[in-house]
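Undergrad: Each chain is listed here by its residues.
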Amino acid sequence: MTAVEGLRDIFTKNLRTSGIYIAFVVIIALFAVLTDGVLLAPGNITNIVLQYSYILILAIGMVIVIIGGHIDLSVGSVVALTGAVSAILVIKNGQPWWVGILAALVVGLLVGAWQGFWVAYVGIPAFIVTLAGMLLFRGLTYEVLNNISLSPFPRDYQQVAGGFLNGLLGGPGYDVFTLVIAAIAVVGFAFSSWRSRMGRVRYQQAVEALPLFIAKIVLVAVVVMAFAWQLAHSRGLPIVLIILAVLILTYNTVTNRTVFGRHVYAIGGNLNAAQLSGVKVKQVNFWIFVNMGFLAGVAGAIYSSRSNGAQPGAGNMFELDAIAACFIGGASTTGGVGRVTGAMVGGLIMAVMSNGMQLMGVPQSTQQIVKGLVLLLAVAFDIYNKRRAGAAR
Amino acid sequence: MSDHILEMHSITKTFPGVKALQDVNLNVKRGEIHAICGENGAGKSTLMKVLSGVYPHGTYEGEIRFDGETVEFGSINDSEEKGIVIIHQELALVPYLSVAENIFLGNERSHRGLVDWNKANSEAAVLLARVGLDENPTTPIGQLGVGKQQLVEIAKALSKKVKLLILDEPTAALNDSDSEHLLNLLRHLQGQGITSIMISHKLNEIADIANSTTIIRDGRTIETLDMVADNVTQDRIIKGMVGRDLEHRYPEHVSHIGEEVFRVEDWHVEHPTQPGRVVVDGASFSVRAGEIVGIAGLMGAGRTELAMSVFGRSYGRNITGKVFLHGKEIKTRSVTEAIDHGLAYATEDRKTYGLNLIEDIRRNISAAGLGKLSKAGWVNGNEEIKVAEEYRRSMNIKSPTVMALTGKLSGGNQQKVVLSKWIYTDPEVLILDEPTRGIDVGAKYEIYTIINKLADAGKAVVVISSELPELLGICDRIYTLAFGRMTGVQERAVATPESLMELMTKEKETVR
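These protein sequences, in sequence, are chains W and L.
Numbering follows UniProt numbering, with no gaps: position 82 of the first sequence is 82.
Numbering follows UniProt numbering, with no gaps: position 70 of the second sequence is 70.
If you're looking for bench data, these hints aren't it; they were derived computationally from the structure.
Being a predicted model, the structure only gives us computed values, none of them experimental.
Certain hints may be false.
Unchecked claim - The calculated lysine-lysine pairs, modelled on DSS-like cross-linking and capped at a C-alpha distance of 30 angstroms, are:
1. K82/L x K282/W
2. K386/L x K280/W
3. K282/W x K351/L
4. K386/L x K216/W
5. K119/L x K19/L
6. K351/L x K280/W
Stated by the list, open to error - Incomplete in silico selection of chain L near chain W, CB under 10 angstroms:
7. M308
8. S314
9. N318
10. D340
11. Y345
12. L355
13. S366
14. K386
Stated by the list, open to error - Covered stretches of chain W, as calculated for chain L (at least 3 residues, CB under 8 angstroms):
15. 23-37
16. 148-154
17. 264-272
18. 360-373
Backbone N, C-alpha and C fix where the C-beta goes; we use that ideal spot for every residue, glycine too.
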């Protein structure tokens, strides 16, 4: 494949997926201009990461739920509940920070198992189960917290979401450690891309032209290093970013390369066909929700750490942000289609828009209206594309 | 020339790649009960859809004259306005609404936008009396049995001032007494001047009730018989339904038959949602290595139900019976278990049950055999593409790459993907349900060749089909299933379409 053909391929073959990246770049450029560059300033980039990390983590779990053909309305409440349990242990009972984190994860898993049981084994639609969960876990949060907010967490607990790895290697006015980690990530990316390219060559499959391949890696390297450069000039590498990166990598691999991931797509794509192909539908559905619960636990721990306390009303409407991220990121409302990376970009589009509008001083009400319209347009675009593809058949 | 209420002249209807109807003529006399016979896929339902406006004027060629005038229906509403009402095999009733609400659905008895319930209920009561149904009009439809629901459908048709009533397999889902009641009602309505067209597989009923019968085969009208004047028997209808040549449509094949591989004994299945309705009743069959066994049966005979319930209990409830593999009893309680034992089932409905249409060829082929492509839960994506490419070539799936979505393939190529999926699981027993349904002739030949190759590789193959020539063309032995019972088994050498059709329409007494 020549470079030109390859490029054309990228743009034409999958307009839906490439469309979202183009939209992302356009939105960043737009708000960078509208905010006179403040959007891309070191301090603000750090802020975006810290502020939206838990939505992105929820969106990872949510996109898997949505690919499977379900929905989860309860994650906001689960974030509140897991954070509350953690706060009780750490703030009230004086347990060490890691006990709180662990408790949040365990509660998340239990919640997931509970909802998974009703969805998979009793056969109640996830919409109903998680709507009930939304009320149930919100109520439990109030019970656990006895109706009052708890704060503050000890310093080491706050570090989980608010902490930075910096100064480890010193540096003249910027953090060298951050740049080193980013460089390692870039090398890792290049290495794994090369390995998968070699694998394809070994199997005699078409690979993209070498110049294009290199250009792609250089582009990624430039973007990552520029991002790291800005972070390094602020407060260094946020711990949350490391957690998020690990989760994205892991779940991207799980959805693309494991049998479990395949089965999720199969169930969402055609439940009957999956069943008749020997997919253990109930088990897969159960684990989809256990996983969602787990990630809601992670998000709960991070949110409580960042907000430095637990409030009964925490995490309100988080589910809607997470769901919106998935649909903007190209997931299908009927299941079977979606990607973790897509959901991440969808989440970041929302994040950049909110952040940009906040910087511009746009009123909260207008922000909501814009976000609503963007979600609507993204899905409308998706449907338009599908219809066109259908007509071309 | 006698008074015809309906004359359809040289109707031709083409779907992309398939000529479903070709120069079909249908003349129905006023006030008669006219039966339409033909194998599944012969074009009966298509013809009725043309008549009722489901396929609007302009999408077919030919002329329809109804009640003395040429009609051009744009939709089903147009035909209903003229008094043509079609009752489909799958009843179109809303289970949670009352009898009266269903009767007047879309045709509400209203006054200034508000429904006049007293009027609706009292008119419904009158209509129910006309069809001989003693039910309260306010009873929810879901509480009535299928037989009574069928009568409500007819009442609904009567409410529309029906002149020509079309019934598609009206008694397929009914028991004997309900069927008899329905047939009596048709005679009664005939007395009131209502003409009926009835599509049916039950030849005894046709012989019993119809005044004339039109036989359709391969999208053409074969003949119209006057039941009395021509002294028509069931055998005569069978001959008309199946008579066509079998030459050159099936690849030459000599079977090398070995030991018995697979046997099902005394299989019994009940309907999943209608408790007590037996769908498969004590069926037994066996297949040997290298053998291609056919299961013949008309719509509603329980063929698919039999296959799916054997394949991991994917259908029905209260399933009893035994399954043997190489003489040893095995359990097939789940699809996974069935696949592990070396069973494969390719469904009759590719789009609903066979394929993930929004996924590519590659991942559809690997869907049932992911275990072979993965280690500790990790799928080898490159190996997967390689496997898919191999099948794309060997099965001649017409697509430039294996990354094409299966939803965009033609029926024949979709079927090849389904077969690839199952062949990749390396099964010992393959059950192929209507493997050539909706596929053009050329692709059919390819599918037959694949089936022959499977048998040559020593697999035990079961082919379920409603096309008798197909079964006679490729099978070594053919079982017949009628109304859930195995009514016989015939070697290819002695089987004829007539003998099979007779067994397939045989009611009650069981031949084991």
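Undergrad: Compare the structure with each hint and give your call.
TA: Checked hints:
For the hint linking K82/L to K282/W, the alpha-carbon distance of about 51 angstroms lies beyond 30 angstroms, and the restraint is violated. Straight-line distance between C-alpha atoms of K386/L and K280/W comes to about 26 angstroms, which keeps the hinted pair within the 30 angstroms bound. Taking the CA atoms of K282/W and K351/L, the gap is about 22 angstroms. The hint holds against a cut of 30 angstroms. Only pairs whose Cα atoms come within 30 angstroms are accepted, and K386/L paired with K216/W is accepted, the gap being roughly 26 angstroms.
Between the alpha carbons of K119/L and K19/L the distance comes to roughly 47 angstroms, so the proposed pair goes past 30 angstroms and is violated. Between K351/L and K280/W, the direct Cα distance comes to roughly 20 angstroms. Compliance with the 30 angstroms bound is thereby established for this hinted pair. With 10 angstroms as the threshold, the beta carbon of M308/L comes within range of chain W, its nearest partner Cβ sitting at about 8 angstroms, so the hint holds. The interface hint given for S314/L holds, since its Cβ lies 6 angstroms from the closest Cβ of chain W, which is under the 10 angstroms cut-off.
The interface hint given for N318/L is broken, as the beta carbon of that residue sits about 19 angstroms from the closest beta carbon of chain W, more than 10 angstroms. Evaluation of the D340/L hint against chain W yields a held restraint, the C-beta minimum of about 8 angstroms falling below 10 angstroms. With a least beta-carbon distance of about 7 angstroms to chain W, the hint placing Y345/L at the interface is held under the 10 angstroms criterion. Hint status for L355/L relative to chain W: holds, with the closest Cβ pair at about 6 angstroms, below 10 angstroms.
With 10 angstroms as the threshold, the beta carbon of S366/L comes within range of chain W, its nearest partner Cβ sitting at about 8 angstroms, so the hint holds. Because the beta carbon of K386/L sits about 5 angstroms from the nearest beta carbon in chain W, less than 10 angstroms, this interface hint is met. Three residues within the 8 angstroms Cβ limit are the bar, and the stretch 23-37 of chain W against chain L gives 0, so the coverage statement is violated. Judged by the Cβ-Cβ criterion of 8 angstroms, the stretch 148-154 of chain W is not covered by chain L as claimed, because only 0 of its residues qualify and three are needed.
For a cut-off of 8 angstroms, the count of residues in the stretch 264-272 of chain W with a CB near a CB of chain L stands at 5, and the three-residue condition holds. Only residues whose C-beta sits within less than 8 angstroms of a C-beta in chain L count toward coverage, and the stretch 360-373 of chain W has 0 of them, not enough to reach three; the restraint is violated.
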